[in-house]
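There are 2 protein chains.
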Amino acid sequence: MRQPLVIDCHGHYTTAPKALEEWRNGQVANLNTPDLGPRVSDLRISDDELRESIEANQLRLMRERGSDLTIFSPRASFMAHHIGNFETSATWAAICNELCYRVSQLFPDNFIGAAMLPQSPGVDPASCIPELERCVKEYGMVGINLNPDPSGGHWTSPPLSSRSWYPIYEKMVEYDIPAMIHVSTSCNPCFHTTGSHYLNADTTAFMQCLTSDLFKDFPTLKFLIPHGGGAVPYHWGRFRGLAQEMKKPLLQDHLLNNIFFDTCVYHQPGIDLLTKVIPTKNVLFASEMIGAVRGIDPETGHYYDDTRRYIQAAALSDEDRFQIFEGNARHVYPRLDAALKQKGL
Amino acid sequence: MRQPLVIDCHGHYTTAPKALEEWRNGQVANLNTPDLGPRVSDLRISDDELRESIEANQLRLMRERGSDLTIFSPRASFMAHHIGNFETSATWAAICNELCYRVSQLFPDNFIGAAMLPQSPGVDPASCIPELERCVKEYGMVGINLNPDPSGGHWTSPPLSSRSWYPIYEKMVEYDIPAMIHVSTSCNPCFHTTGSHYLNADTTAFMQCLTSDLFKDFPTLKFLIPHGGGAVPYHWGRFRGLAQEMKKPLLQDHLLNNIFFDTCVYHQPGIDLLTKVIPTKNVLFASEMIGAVRGIDPETGHYYDDTRRYIQAAALSDEDRFQIFEGNARHVYPRLDAALKQKGL
Chain V
68 MRQPLVIDCH GHYTTAPKAL EEWRNGQVAN LNTPDLGPRV SDLRISDDEL
118 RESIEANQLR LMRERGSDLT IFSPRASFMA HHIGNFETSA TWAAICNELC
168 YRVSQLFPDN FIGAAMLPQS PGVDPASCIP ELERCVKEYG MVGINLNPDP
218 SGGHWTSPPL SSRSWYPIYE KMVEYDIPAM IHVSTSCNPC FHTTGSHYLN
268 ADTTAFMQCL TSDLFKDFPT LKFLIPHGGG AVPYHWGRFR GLAQEMKKPL
318 LQDHLLNNIF FDTCVYHQPG IDLLTKVIPT KNVLFASEMI GAVRGIDPET
368 GHYYDDTRRY IQAAALSDED RFQIFEGNAR HVYPRLDAAL KQKGL
Chain H
68 MRQPLVIDCH GHYTTAPKAL EEWRNGQVAN LNTPDLGPRV SDLRISDDEL
118 RESIEANQLR LMRERGSDLT IFSPRASFMA HHIGNFETSA TWAAICNELC
168 YRVSQLFPDN FIGAAMLPQS PGVDPASCIP ELERCVKEYG MVGINLNPDP
218 SGGHWTSPPL SSRSWYPIYE KMVEYDIPAM IHVSTSCNPC FHTTGSHYLN
268 ADTTAFMQCL TSDLFKDFPT LKFLIPHGGG AVPYHWGRFR GLAQEMKKPL
318 LQDHLLNNIF FDTCVYHQPG IDLLTKVIPT KNVLFASEMI GAVRGIDPET
368 GHYYDDTRRY IQAAALSDED RFQIFEGNAR HVYPRLDAAL KQKGL
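From first to last, the protein sequence lines stand for chains V and H. Add 67 to the 1-based position in the first sequence for this note's numbering, that's all there is to it. Add 67 to the 1-based position in the second sequence for this note's numbering, that's all there is to it.
So here's chain V without its partners, still in its complex pose:
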């Protein structure tokens, strides 16, 4: 069997040049006086700056750790859909997506884009479709990040099974792109962004799907639940039992043709559980590197988020590992598969 292409399906542009954050700060400062605020054309980031921010960071670590290609989207915690209104998010999403697109053009062998959406609390999700279409058609992006809680920790939107989300799903099916279900910064003081809000959202999204028949309406819809699925694999017996009480089909039939989990779990026992409990076909390699946890684990001497090591050390066959590193990503992201095939890969 040939060596797998190692595809990291969860990378964010967390290292963008400082000018991006400064532009956003200006936008936020002038939320109520947008005429005074920075224009899109005020943001100038050169290709050299982009190159530098990637070569010194993500690309360096990808080479060191042995991953080949990252599905690259705007920084999740910076999406902050709760700030401002639809116009605020639309402008900000367009800027952030364009930067990821430029990175994918500068490093076509190592990065391919996924889009953030211009969501805004209380605004019809259908309003995101023009940006989604632009990212797929003009930028060749292969997936989207869908925020189930644009309020930032107040959870004021309906569950993912609500028909209000259906326009997004219809476009996803039309373009054959998956969504990573990913919240952004919590502005609720109860929830630490990366320590509880992210994980809670993962569990919540899974359960919203479990209690509904969403995938009967959209049999080919695909959701990738990040951070190893939140609490779900650890409590797999609980979820199997809850589905049983609700007279739902077995989870493998009810959800596992449509829901996938990434491997952003930052210690060996967690990855061992994930790969033991969840069928291999539902697990996609990911690190979210240079993200929530950037340090070195004193217990191992390696970076917490160097998840490739955990996959290598897990009790998996070469075939399983091939699926987790490459095969499953090609299945879940058909446009990625097509792009690779076009390159003869």
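Keep in mind the hints are simulated off the structure, nothing from the lab. Predicted, not measured: the structure shown is a model, and the values here were computed from it. Among the hints, a few may not be true.
Note that the list lumps identical chains together, so a pair holds whenever it fits in one copy or between two copies.
[Claimed, not checked] Straight-line C-alpha distance at most 35 Å; calculated DSBU-like pairs for lysine-lysine: (1) Lys85 to Lys315; (2) Lys314 to Lys85; (3) Lys348 to Lys410; (4) Lys314 to Lys343; (5) Lys408 to Lys315; (6) Lys283 to Lys315; (7) Lys343 to Lys204.
Position chain H relative to chain V; hints supplied.
Just chain H, lined up with the frame of chain V:
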């Protein structure tokens, strides 16, 4: 080594006679016209009815599964602190606590009480102290259930590290009782009560402690985080890494003298992870039986919530198992330990 007393530290009175629910329905129906609503004295449940509800359910299963003593508190999903105002909760908590006390009197070898508190959203937690004192002093209860989100899924209260909770903690320290951090029914349609709200709350509570220095102010305060700690053990590397980034001490020093996890994880791989990752001294046996997941696991032929089987099958020494079944509960619940010693146990 002698056989451990098997102490289930997480039992709720989920099988109370129907009259209790009917009384509550009456209370809720007359929230705005309490004069029309049922009086406390309208609720009449005989000792025989209590006996029957326990003998046919919890006690039968305890005997079948081999657990000896349950720390027994009012049904968690029925606390519903978001309903009505402080008076609503005060009356309801008093009724529910008294029933658990009566069960503990009818079956003194098998049940000992833990109290629900009359919390209400936006009301000073100090208002709960009279009921807490009554339950400890008059009912001999050994712990409390503390709801970090009395709003029922809207998360409008400050984090557990906020000084507004301190009056409760001062009483806990004074009486040497722990709190199980346990939410109630979700009235937010985003969150399924037992499938996501419970687990999210567990993770959230842990992270609220991690980011704070609460246990510097209360070095002997003890929190029991139920449902196996939500997502925490599965993501233990993430939490270690986040603490490290925040320059907090190692989790074993920062939190594990004060935070404990129960074993309400309903499959073997989850219990294996829990007992591998979390020090034995921080794991307390529990089942939450006749609770969220009441069915039989077709993969094993046994009840999902028969957690004693998983502990028996986990890679643990007899000494570890003794601690998980008995020793740790005596440490975390000193009043339970004292009550047992008084019986010569």
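These are the hints, each one checked on the structure:
1. In this assembly of identical chains, Lys85 and Lys315 lie within 35 Å of each other by CA distance solely across copies; the values are 28 Å between and 49 Å within a copy.
2. In the homo-oligomer, the alpha carbons of Lys314 and Lys85 lie at most 35 Å apart only across protomers (25 Å), although the nearest pairing inside one protomer, at 52 Å, exceeds that limit.
3. For the identical chains of this complex, Lys348 and Lys410 are intra-copy neighbours only, at 24 Å inside a copy versus 55 Å across copies, given an alpha-carbon limit of 35 Å.
4. Taking CA atoms no more than 35 Å apart as the test, Lys314 paired with Lys343 passes in both settings, with 25 Å inside one copy and 33 Å between copies.
5. Taking identical chains as interchangeable, the C-alpha atoms of Lys408 and Lys315 are never at most 35 Å apart, the minima being 38 Å within one chain and 47 Å between chains.
6. In this assembly of identical chains, the alpha carbons of Lys283 and Lys315 lie at most 35 Å apart only when taken from the same copy (12 Å versus 47 Å across copies).
7. In the homo-oligomer, the alpha carbons of Lys343 and Lys204 never lie at most 35 Å apart, since the shortest distance is 38 Å inside one protomer and 48 Å across protomers.
Against the hints set out earlier in the document, violations occur for numbers 5 and 7.
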